[in-house]
Amino acid sequence: MISLPTLNLKTFFRSYKTSNILALIFINFYKYTFSYFLGGRCRFYPSCSEYALECYEKFNFIKSSQLVLLPLIKCHPFSGQKGYDPVPFVHEGKKI
Numbered sequence: 003m004i005s006l007p008t009l010n011l012k013t014f015f016r017s018y019k020t021s022n023i024l025a026l027i028f029i030n031f032y033k034y035t036f037s038y039f040l041g042g043r044c045r046f047y048p049s050c051s052e053y054a055l056e057c058y059e060k061f062n063f064i065k066s067s068q069l070v071l072l073p074l075i076k077c078h079p080f081s082g083q084k085g086y087d088p089v090p091f092v093h094e095g096k097k098i
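Sequential numbering from 3 applies to the sequence shown in this note's numbering.
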C-alpha cells in the first residue's frame, strides 16, 4: 500500500504560487499513479519526477520549467547518459 506524504495545506498554499501548485499536483499525480505501475527505470538520481518536484519547490514556474526540460530530453532508453544530476543551488537568497 502506498503511504502518501502528509502536509499542512495552509502552509503549502501560502508558500507557493498557483502555477507551481498546479505543477506540483500534476507531478505528484504522475509519481503515485503511472510511475508507480511502470517501476523505477530512471537512469538519473534524483529521478525525473523528484528533480521536477525539487525545482518547482525552489524556483518560479518559468525557471523550473526550463530546468526540468533538459533531464526529460536526456531521459530515454537510447541515451548513454546516467548518474547524479542535482538541482542547481540557490545562492545568497537569490534564485538562479
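Read the hints as simulated data drawn from the structure, not as lab findings. Treat the hints with care, as some may be off.
[As the list claims (entries may be wrong)] In the EDC-like style, the derived pairs of lysine to aspartate or glutamate whose C-alpha atoms are separated by at most 20 Å in a straight line are:
1. Lys84 to Glu52
2. Lys65 to Asp87
3. Lys33 to Asp87
4. Lys33 to Glu52
5. Lys76 to Glu52
6. Lys33 to Glu59
7. Lys84 to Glu59
8. Lys60 to Asp87
9. Lys76 to Asp87
10. Lys76 to Glu56
11. Lys65 to Glu52
12. Lys33 to Glu56
13. Lys19 to Glu56
14. Lys84 to Glu56
Evaluated hints:
1. A hinted pair counts as satisfied when its Cα atoms are at most 20 Å apart, and lysine 84 with glutamate 52 qualifies at roughly 15 Å.
2. Restraint check: the Cα-Cα separation between lysine 65 and aspartate 87 comes to about 17 Å, which is no more than 20 Å; the hinted pair holds.
3. Distance check on the hinted pair: lysine 33 and aspartate 87 sit about 19 Å apart at the alpha-carbon level, within 20 Å; holds.
4. Between lysine 33 and glutamate 52 the CA atoms are separated by roughly 9 Å; this keeps the pair inside 20 Å, and the hint holds.
5. Between lysine 76 and glutamate 52, the direct Cα distance comes to roughly 15 Å. Compliance with the 20 Å bound is thereby established for this hinted pair.
6. Between lysine 33 and glutamate 59, the direct Cα distance comes to roughly 16 Å. Compliance with the 20 Å bound is thereby established for this hinted pair.
7. Distance check on the hinted pair: lysine 84 and glutamate 59 sit about 24 Å apart at the alpha-carbon level, beyond 20 Å; violated.
8. Under the criterion of a C-alpha separation no larger than 20 Å, the hint pairing lysine 60 with aspartate 87 is consistent with the structure, at around 16 Å.
9. Distance restraint check for lysine 76 and aspartate 87: the Cα-Cα separation of roughly 11 Å lies within the 20 Å cut-off, and the hinted pair is therefore satisfied.
10. Of the pairs offered as hints, the one joining lysine 76 and glutamate 56 holds, with about 18 Å between alpha carbons and a cut-off of 20 Å not exceeded.
11. This hinted pair checks out: lysine 65 and glutamate 52 have alpha carbons roughly 16 Å apart, not beyond 20 Å.
12. Taking the CA atoms of lysine 33 and glutamate 56, the gap is near 13 Å; set against the 20 Å cutoff, the hint holds.
13. Straight-line distance between C-alpha atoms of lysine 19 and glutamate 56 comes to about 15 Å, which keeps the hinted pair within the 20 Å bound.
14. Taken as a hint, the lysine 84 and glutamate 56 pair is honoured in the structure, with Cα atoms around 19 Å apart against an allowance of 20 Å.
In summary, the one numbered hint that this structure violates is 7.
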